[in-house]
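Work out the full structure: start from the sequences and follow the hints.
Listed in order, the protein sequences are those of chains A and B. If you want this note's numbering, it's the 1-based position in the first sequence plus 22. If you want this note's numbering, it's the 1-based position in the second sequence plus 22.
Just so you know, these hints were derived from the structure itself, not from any lab. Think of the CB as a built atom: it goes at the ideal place given N, C-alpha and C, for glycine as much as any other residue. Check the hints yourself; a few may be wrong.
[To be verified] In silico DSS-like pairs for lysine-lysine, Cα to Cα no more than 27 Å straight-line:
#	chain 1	residue 1	chain 2	residue 2
1	B	K68	A	K52
2	B	K147	B	K126
3	B	K399	A	K123
4	B	K30	B	K399
5	A	K68	B	K195
[Said to hold, decoys possible] Chain B stretches covered by chain A per the calculated footprint, using a threshold of three residues with CB under 8 Å from any CB of chain A:
#	region
6	130–140
7	278–290
8	299–311
9	368–374
2 protein chains.
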Amino acid sequence: MTDFAATKALFDLPEGVIYLDGNSLGPLPKAATTRVSTMMTEEWGKMLITGWNKAGWMQKSTAVGNRIARLIGAETDHVIMGDTLSIKVYQAVASALEMNKGRKVVLSDNGNFPSDLYIVEGLLKSLGEEYELRVVDPEAVSENINEEIAVLMLTEVDYRTGRKHDMKALTAKAHDVGALTVWDLAHSAGALPVDLAGCKADFAVGCTYKYLNSGPGGPAFIYVAPRHAEVARPALSGWLGHEAPFAFDLDYRPGRGIERMRVGTPPVIQLTSLEASMDIWDTVDMQALREKSIALCNLFIAEVEAACPQLELASPRDGSQRGSQVSFRFHEGYAAMQALIARGVIGDFRAPDIMRFGFTPLFIDEDDVRGAAAILKDVMDNALWDCAEYKQRAAVT
Amino acid sequence: MTDFAATKALFDLPEGVIYLDGNSLGPLPKAATTRVSTMMTEEWGKMLITGWNKAGWMQKSTAVGNRIARLIGAETDHVIMGDTLSIKVYQAVASALEMNKGRKVVLSDNGNFPSDLYIVEGLLKSLGEEYELRVVDPEAVSENINEEIAVLMLTEVDYRTGRKHDMKALTAKAHDVGALTVWDLAHSAGALPVDLAGCKADFAVGCTYKYLNSGPGGPAFIYVAPRHAEVARPALSGWLGHEAPFAFDLDYRPGRGIERMRVGTPPVIQLTSLEASMDIWDTVDMQALREKSIALCNLFIAEVEAACPQLELASPRDGSQRGSQVSFRFHEGYAAMQALIARGVIGDFRAPDIMRFGFTPLFIDEDDVRGAAAILKDVMDNALWDCAEYKQRAAVT
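In structure tokens form, the structure reads like this:
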């Protein structure tokens, strides 16, 4: 069993803050700063160019990928780090489309994170007019999976509401009609147990600066199922995905398996920060995390519904249908969130009216939940959001 | 005038090492570690998610881009940081091809860095069989610029030999026949003055971990000429390139000008490291740098040719035709470079037989050049390269 009081002590959390936004940017692991400083002075500073081999910089992308693999149920050596999530979405969807050449439709839902839709929109515009991005309601995804669909691209957990898709059932339905799947795990990796192999997912992508606490702009990851790993053509065919990058051949030959999904030079400083967080994650039992996460979310819902009748639950009530966040709708949600933040409870706002709270058991406990609910009650009871300072920026977002 | 003895004191250079590989990975600016530590503890640690606004993380990509703009002769607000160089090549070439729809040929040369060729190969495979990547000898580029060419994509300075293309003349010739240009400045930015605006370049890209000393995996940059900035469609259309990223609209609308070339979340930790180096670069006069660079390179050529008749100059003898590096051919170049590195002179090797030495005036001086040449003479006179330990890895690269 994971001792969550012990993991909480490993994060640098500012005094007087209840941080319910680890689902947007995870907090600083206490060990990360020293880890990065040491990498900079002892590796970059002293080894210079030889650090690529001597300090194992070039291997970090696969080594860290394998540590994330455990959290998302991926086979060893089938996850690799690099780039941003949007780039990894592009890689995955481009590869999947090419593996399903006869079909021209990518199916997604309007609860998907907009960047995933934008990226596919851009990709399809490049590929030609015969391609279509079909965006349906989340509830209508299943009924729209048919033999026109080349690729089903979904984010497992909705970034606004926390509503969770059934990865196993939707993947099976996609496979039944000959479609491939691309799963975005932005709000899943580190939030709940994922079983990519068990679900027979084809491609998956995710980021590390949310639940995985790598720091702002930390690298993304991509998973390619073993059965596709030697088949998928990387549309973004950079030199580090080449079979022999340092042969400097003029022609591209894809590297072995997941290695071909590398593009350019890996962000070693950001990867080093991520390693400090992975030292914590390596100790975490994902089932225990899930139980704690659901308990924290349920407690928050109960406290807020009892105290704040003005707020309407926007997340599924059933914990098994939810990620690791709870959202409430409120017509002045932006201003209310500003009022909360001013009082030390940090959540975030998503247009048009969603107040979003992430519950991350590694550093959030029951006292935090009760404390946050009490401050939210104060903001609501006394209309503390009704203040020009808090409202003025609402127009901007 | 820039005081290069003063800039040298700002880098953390290991005792007993002459570092002639700043053209591959720049050394650590002494201020970088503290700068990054402070960003991590005071910004990420204390501000958490609010750092995006409070600490100006979101603005770093354009703020740093503007500091690089001065070094490469770009107009203000037309350079933006992010991703890797390979990704930026993809963006630039994809945009340029779409602006020249009637044509299907990308012209490049076999002295280009292979990743640029691989990336375009991959892009064209996605776009369709009618597209062609035409790769000619560097000397034959000019005569192959004709009305078939959609995009001329060149690296200004050859990564192996340091041979420099005439950016102004080739861009003019490309424009004369209706082609657009994409210039890779990997071995130009911080190596010599570049005049993108004066040359009327259309697109340019580059990296920062070489001459710009951002550290391993530092972010790349992209330039789009003002006349194209509101026209170019970003093929990699991520959310941060959207006109209003935090509106979370379902449809993509490109952001204003260079902003649309953003893709995903910027790598704030790596950008912070780069800022420490840019504090040094802000003080550098690029003409003075160029004079010093040519003088150092000329001195090295003279010393080595006098001392090591076994080596054949692979770089242009005329400094104005060269970047900021000198290369020599030697049949046992790999082993000889290992022998040199073991004796504290760090250069690098590029297959099949190139020994490459970068001269970076910010931290390399005449004493370093003479010292390196003397050790190279020792390695050659005494065949110190003829040793199994140094030769064994040659087969691998």
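Problem set entry | Proposed proximity, K126(B) with K147(B) (alpha carbon, max 27 Å) | Distance ~12 Å between K147(B) and K126(B) Cα, so the pair holds.
For this session: Take a quick look at whether K68(A) and K195(B) sit within 27 Å of each other, Cα to Cα.
Result: violated (46 Å)
Problem set entry | Satisfaction of hint between K399(B) and K30(B), Cα-Cα up to 27 Å | Holds, because 26 Å separates the two Cα atoms, which is no more than 27 Å.
Exercise. Quick check: the region 130–140 of chain B, covered by chain A? Criterion 3+ residues, Cβ under 8 Å.
Worked result: Holds, because 6 residues of the region 130–140 of chain B bring their Cβ atoms closer than 8 Å to Cβ atoms of chain A.
For this session: Would you mind confirming whether the straight-line C-alpha gap from K399(B) to K123(A) stays at or under 27 Å?
Result: violated (59 Å)
Problem set entry | K68(B) paired with K52(A) [C-alpha distance capped at 27 Å] | holds (12 Å)
Problem set entry | chain A covers the region 368–374 of chain B, three or more CB atoms within 8 Å, holds or violated | n = 4 at 8 Å, threshold three: holds.
Problem set entry | Proximity test - 8 Å, beta-carbon atoms, the region 299–311 of chain B to chain A, at least three hits | violated (count 0)
For this session: Closer than 8 Å, Cβ to Cβ, for at least three residues: run that test on the region 278–290 of chain B against chain A and report holds or violated.
Result: holds (count 6)
The structure shown violates the earlier hints numbered 3, 5 and 8.
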